[in-house]
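Trainee: The chain contents come next:
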Amino acid sequence: MSFRRFLIKRTAIAAVLTLVAVSIIFATLRLLPSDPFSGLVASGSLTPEQVAELRAMYGLDEPIYVQYLKYVRNLFTLQFGVSLTQQRPVGEIIVPALVNTLVLLLPALVVTAVISSIAGMYAGWTRGSRFEQAGIVVTTFFRATPVFVTGIFLLIVFAYGLGWLPAFGMRSPMANPEGYAQTYLSVDFLRHYILPFSATVLFYSGDFLMLARNSVVERKGSEFLMLHRAKGLSEMEQLARAGRNSLLPLVTYFALRTGMLFQGVITLEVVFAWPGIGRALVQAILNQDYPTVQAAVFIMALAVIVMNLTADVAYAKLDPTVEAGDV
Amino acid sequence: MSGYSIDTETARDRLRNEFDRARRTLAVVWQDTGAKVGLLTLAGFVFIGIFGPLLAPHHPIEDTLRRGGAMMRLSSPSPKAPLGTTSFGKDVLSQFLAGARPTLIIGLFGGVGTGVLGFLVGLTSGYFGGRVDELLMRLTDLTFALPLLPMSLVILSFVTPNVWLITAVLVLFLWKMPARVIRSEVMTVKERTFVKSARARGAGHLRTMFLHVTPNVLGIGFLYTAYAVGWSIVAGASLAFLGFGDPTTTSWGRMLEQVFRSGAMRVAWWWVLPPAIGIAAVTTAVFLVGRAFEEIVNPELRSEQE
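Taken in order, these protein sequences are the chains called A and B. Going by this note's numbering, the letters in the first sequence line up with residues 1 to 327, in that order. Going by this note's numbering, the letters in the second sequence line up with residues 1001 to 1306, in that order.
If you are wondering where the hints come from, they were derived from the structure by calculation, not from laboratory data. Among the hints, erroneous ones may be present.
Per the computed footprint, the stretches of chain A lying under chain B, defined by three or more beta-carbons under 8 Å from a beta-carbon of chain B, are [unchecked claim]: (1) 6 to 20; (2) 91 to 101; (3) 106 to 120; (4) 132 to 145; (5) 155 to 166; (6) 193 to 202; (7) 304 to 317.
Just so you know, even glycine gets a beta-carbon here, dropped at the ideal spot from N, CA and C.
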């Protein structure tokens, strides 16, 4: 199979998957017994006329298949509708939350990927050393422990115990920044950033470390390294060459991790009250705000599908020994 | 192992071989310090999970501790409550002891369910290949695309969660992991001569799958079952922490939810640390044992050391 055909097939599968995933989300939310609007009337926050208006806006008075088609069309044009509890477009809620999550997680993921891959390669090279043993036990601890528990430990030590850092939110209540630059480039933001950032880095470090270590261990005995040794390259030069050969699984793993980013750290955002998409989702579920729920779950699913596709393609493209037909 | 039809004698032999192998494996795992600590931790955890509620000095939810006429709210550790009390005057030690059981149930049954289901899907998919494989793998792709935590939250928001339901939901979303790995292992095993000769001698599909292919991928199956125990515990605790746990029982995740929600986390370290350390210790133990076991199952990793 040529690379082009492989690419087309993979993309088509990804598109179909998105559609099926979206349909399952639709069906799951329609199966909910309670009408999201009835509660609003009962609580007096909306008049019956407003509810009728809302129903028309969502097309809830229309047959189910029309609702479904409109739902799918709206998702693909990124029209997520209006929030039931906040009376404003879901996009206005989701997009800033998404930005906040990305600002927290992407740098954390990149930092982890670089540092713990290098540490892992070194650990694999010095197999049996103290560094390797300690590295494995420490990163296994942070990988295994749920991220919110790590977060709680950090909070107890650095926020409540020592009082060095704030425990809550993304900026102090008095700060009133305007624009992205003021929001994300201030000392106040940095102080709120350190703990959730550290928790994320610690959480993800184990996978990259073990992956890098394992692939160096697997390659250590291989012939091309013996050749390098015979050529008189130093230990570090040999490691650099073994490491270069271990990059492929790390790159694809990085793509997969990025796809799962939003869902993996929902509890982290809750524990640090970080105003990201995970926390928005939990609040929307608790408030039965289904348009917001739909949008958030859709974005999380789409991220996974797109990044899986990227990983597959990167793998086929970067590794010449992989026959695209096998993938 | 060969493809000859199996009488009771050879079946017994094979079973003995498997037991021998399991014993040797355990002996090797036991040499790893981390795994040894992990196994001991797990033994302690299982003990608390089974006997904890009996050992608890008070009922974790019903009993309210009082000193004189006043409820003991947020009392630090004292002889009456060795691990202090919650804001509702409940004994933290009792909650800790009773809270191990739901964690144990979700971990054990979620893990084993995930392992078994994933193993069967991977075995079927890898063994038959072709359309069966295509169908099952697209299904796993789909469960990969449906994010675990958000989907479980949505499902659990419209039913009353209980421990067994949560376990079932987790299995529904976790089986994909072992399925993929088992599938790729099965695909290499089924090309080996003994499998082909078994087929040529007229062994049926089921027989070939379970008697000839399975023993060679069982190790990986166990490894992923062990990891699945860890994933289930993490996911179960996360759900409980977000307020979607079984509301009728005490679990470690729920204890953390309550101390977080009540705002007492700032002061009541005695209420936070037992469940937090409990969860961290158990999941770390599971993964440490898994890591040591992985060195045995994955022959490429032991190249030099043996």
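Trainee: Honestly, which of those hints from before does the structure not fit?
Mentor: 2, 3 and 6
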